[in-house]
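One letter stands for each residue in the lines below.
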Amino acid sequence: MSSLDELYRQVILDHYRNPRHRGVLTGPHVHAEGLNPSCGDEFSIDLKVEDGTIADVAIQGRGCSISQASGSMMTEAIVGKTLHDARLLTTNFKLMMGIDVGADPLDPERPGAVLGDLEALQGVRKFPVRIKCATLPWTTLADALDQAET
Amino acid sequence: MSSLDELYRQVILDHYRNPRHRGVLTGPHVHAEGLNPSCGDEFSIDLKVEDGTIADVAIQGRGCSISQASGSMMTEAIVGKTLHDARLLTTNFKLMMGIDVGADPLDPERPGAVLGDLEALQGVRKFPVRIKCATLPWTTLADALDQAET
Amino acid sequence: MTDLSHLRDDFPILHREVNGWPLVYLDSAATTQKPVQVLDAVDAFYRTKNANVHRGAHTLSAEATAAYEGARAKVAAFVNAGSPNEIVFSRGATTALNHIAYGWGLNHLSAGDRVVLTVMEHHANVVPWQLLARYTGIELVYLTLDDDYEVDLTGLDDLLDERVKVVAISAMSNVTGTLGPVRPLVEAARSVGALVVVDAAQLVPHSPTDVQDLDADFLVFSGHKMLAPTGIGALWGKSERLEEMEPTEGGGEMIADVGLYESRWAPVPQKFEAGTPPVAQAVGLGAAVDYLTAIGMETVRAHEHAITGYTLKRLAEVPDLKVYGPSDPTRRGGAVSFTLADIHAHDIATILDQRGIEVRAGHHCAKPLMRYLAVPATARASFYLYNTTDDVDRLVDGLFEARSVFGFDA
Amino acid sequence: MTDLSHLRDDFPILHREVNGWPLVYLDSAATTQKPVQVLDAVDAFYRTKNANVHRGAHTLSAEATAAYEGARAKVAAFVNAGSPNEIVFSRGATTALNHIAYGWGLNHLSAGDRVVLTVMEHHANVVPWQLLARYTGIELVYLTLDDDYEVDLTGLDDLLDERVKVVAISAMSNVTGTLGPVRPLVEAARSVGALVVVDAAQLVPHSPTDVQDLDADFLVFSGHKMLAPTGIGALWGKSERLEEMEPTEGGGEMIADVGLYESRWAPVPQKFEAGTPPVAQAVGLGAAVDYLTAIGMETVRAHEHAITGYTLKRLAEVPDLKVYGPSDPTRRGGAVSFTLADIHAHDIATILDQRGIEVRAGHHCAKPLMRYLAVPATARASFYLYNTTDDVDRLVDGLFEARSVFGFDA
Ligand SMILES: Cc1ncc(COP(=O)(O)O)c(C=O)c1O
Ligand SMILES: Cc1ncc(COP(=O)(O)O)c(C=O)c1O
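For the record, the sequence lines run as chains A, B, C and D.
So for the first sequence, the working numbering puts the first residue at 1; every next one is plus one.
So for the second sequence, the working numbering puts the first residue at 151; every next one is plus one.
So for the third sequence, the working numbering puts the first residue at 301; every next one is plus one.
So for the fourth sequence, the working numbering puts the first residue at 711; every next one is plus one.
Fair warning: there could be bad hints in the mix.
[Claimed, not checked] Derived lysine-lysine pairs resembling DSSO-like cross-links, with alpha carbons at most 30 Å apart:
hint : chain 1 : residue 1 : chain 2 : residue 2
1    : A       : K126      : A       : K94
2    : A       : K132      : C       : K465
3    : A       : K94       : D       : K948
By construction, these hints were calculated from the structure, which means they are not laboratory data.
Taking the hints into account, I'd like the entire structure generated from these sequences.
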């Protein structure tokens, strides 16, 4: 497979064109916004947290296929997870992107560790300038998780 | 003669160490000041003008041997001259320095054209960075002449 | 089309490969590549006459000063300035615009005064005025674009009144290629006594420029966008304007005298060149000006009109592609922004980059314009004298691949 | 003495002649010469990866950005900054000091606040504060020198009170070679909550520098005085201080978002780097830092102590010569200012230049100091790693010739 085909997997284009959980939440929720100033990509997230678990999520954003697909896939991966597992997932995602987060890869058997569909994004790693596209939703999520925990 | 010897003629060192007409004038006179910002040389001149003739002159200043000697020699050359002849001398001096003043050299027979001792300064021409030292008194004089004429 | 392809040999970088393909550099509006003539001039300066300028009585310093001031004279001649003293060297167009906003604006503008801009301005000609507004309370007013992406002057008469003190306009947009209507604005501004500031960062590199003929008050540009090194640019100002301006930086060289509590300034242009200037970079700019002059700026412009025309024609063959910019290639510059179907500009740039084709994607430091055009990002191909129709053909091939990667029919 | 003479081969200019003599360059305090390693790094950048930084999704832009940010990391490590984000690239020390005065000072100082300077400051660390005084009404207060040209701290306790908000001091005088007492001043300033700004233009090139250990708030230096190209310098600031600082220039790159009337800034350090930065020059500074690191800054300093000591010893042989600067060569920098009998400094410089020896003559951009020392001008020999005792011997021979030209006994 050429690196372009690895980057633009079918599932990524599908999420780009049909983003999941798009919109805003009503009722109590936390909200966070992220921006990539160098390229202008925007991402925002609403999280509804119940008993330490992500009960619902909604996202909005504008940007390239990578950032938007990453965000859409992220919503599917975190909904229903505990805040803790969502954090583990964030760590694991960044590790997959080759970002040194000062931690080892997680035991792939742990629920928070399973990237699933998100693994389609591993082709991004070969495109260093696009890594920040893929991680924008995750840094925004981290922000929302911080809020949810305080 | 080496170019250094040409530059530092005995007569120049003599004027540097024993500047003529040093001081200030009392009574009515015009006054002008000049500064060479890049090297800090300073020069000021008082001119007493009677009937269109330079009746007396006094100078003050600090700086290198070239600027100070040029000023001292200038006082000897202009005292007793008409304003017009002092201007001609200024032109001639600048021409000697190789400065394009948009005029031809003057007839050497004309009283205003005779540089006399000042010709000792022609060695400066070989030292382009020092030309502005030699001309500082003359641009200051030009300023004073402007005032005397208005 | 004027064939300048023989010049490509002067540009070492054009012979490198990117991702296994020969480089096609289509990002000259961001920064241009450098010919060996410029690189050699800079190198030779360091190897033979490097010294600090203006301060020294020694030979090296005199030679360095002559090289530096010689570059000033070349730049002055290149834009037909009235005198080399009307050229202030700055780090680039951005710094120059800030000098104007602060150095002139802080001392001449006050609350309620207006500065007229256009929505197509680069951030460099927006943010300094916003910063100035914080300190002075001036108001910013924007001209918009018409349907063919030209600056819309219809409302100008209503807009211009005695409150307007400055009109600051880009002579050529780095996004749409639109030529700013400098002449009509100069005329209109004069009628209310306003100053005109021209951001010529995209004009001077690409077109003959005559500041006396344009008759604005200030005009700025960057060396790195015209074959010269990074770190150097120029601010041209009419003598009277420069005299009115206060220095924005204090330090060595810009002074006549420094006391403990007060100082007096050196004459223009030194007054605006505090500290050790970018000497070698100025020398490089001088060499770039020599290079461009030898080719002839009319030739440069003609070549760009031709290649822009060819590009617009070929892009029209790509389905779902939309160009943002004037349609007549002879009435615009060689920065061509576009979108392609629902493929985001960054994805286009990545796909092209895989084929060694370097285009820019994003907001191009013109967020107000992107909002005005209601497009989050565009891809942009921009040209200079070293580009050929082959480059354009490879661009178009790449765009067809982008379509196919994103599942569109070729 | 540490023999670094093998390094001379790295400096092409040292092989040229001046007025028929091999060049003896004794003006490194004004600007240093450049080794081929630096010239090659700059050239290679332009030939292989030149592009604008931060803005692009393409390979060239990514490579250029990596080179630029890599240079920032090198510079940060060189002065032991807490993080590369504490390094702001600027045009030079002068621009950096202006950034501090305006960017921090305008927003934190007001009428009656005091800034403490010393009489030995370079204009770059005087005029920005004077300009700030115009806008804010702050007062400047000066520390003087003692008999051995050291900063006199005896009156410090009386001087320091809660009005003092900033202490801005040179870490090494470019005239006398005096080392500014940064440590005691940091301690004293802390006691009244004042900030410390260090002008390290002459320190960083010549001595190991550890900003965390010095513990000041801001520290600035210029690349061209440490083997790097002109047009680049650095502002180091503690993170908290940089966060408190407002941008002094607006434009591209320094923004998070730009609206028509308001904008939001990018994070530090981008917030202070509006427009296209001096990319290639930063890369050159990175290469210079590599070069100096390979030699070792301890070695550089030891070499300069040795050559300064030798110079002071040899100058003592010249009758009627007076040195302005501390007498202990290990407690001072390698800038040696002097006068000789009644021979004006410019005449000394010209006579030396006739023998290919380049020294500086004048006020050295330190007019307050010249007035304080009551001397209109000095000649100055200043050294760097490429100077040898032979250079000093030729200087001394030249000074004897100056004596003879001016009619003194040898
Ligand atoms: C129209 C325009 N103005 C100003 C600038 C700013 O130039 P620089 O980044 O060289 O300061 C640019 C380039 O980015 C530009 O295209
Ligand atoms: C002590 C000192 N401070 C500041 C400066 C200013 O540096 P630059 O001219 O590189 O901005 C210099 C050099 O001239 C200096 O010697």
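Hint check:
1. A:K126 x A:K94: holds (14 Å)
2. A:K132 x C:K465: violated (43 Å)
3. A:K94 x D:K948: holds (29 Å)
When held up to the earlier numbered hints, the structure conflicts with hint 2 and nothing else.
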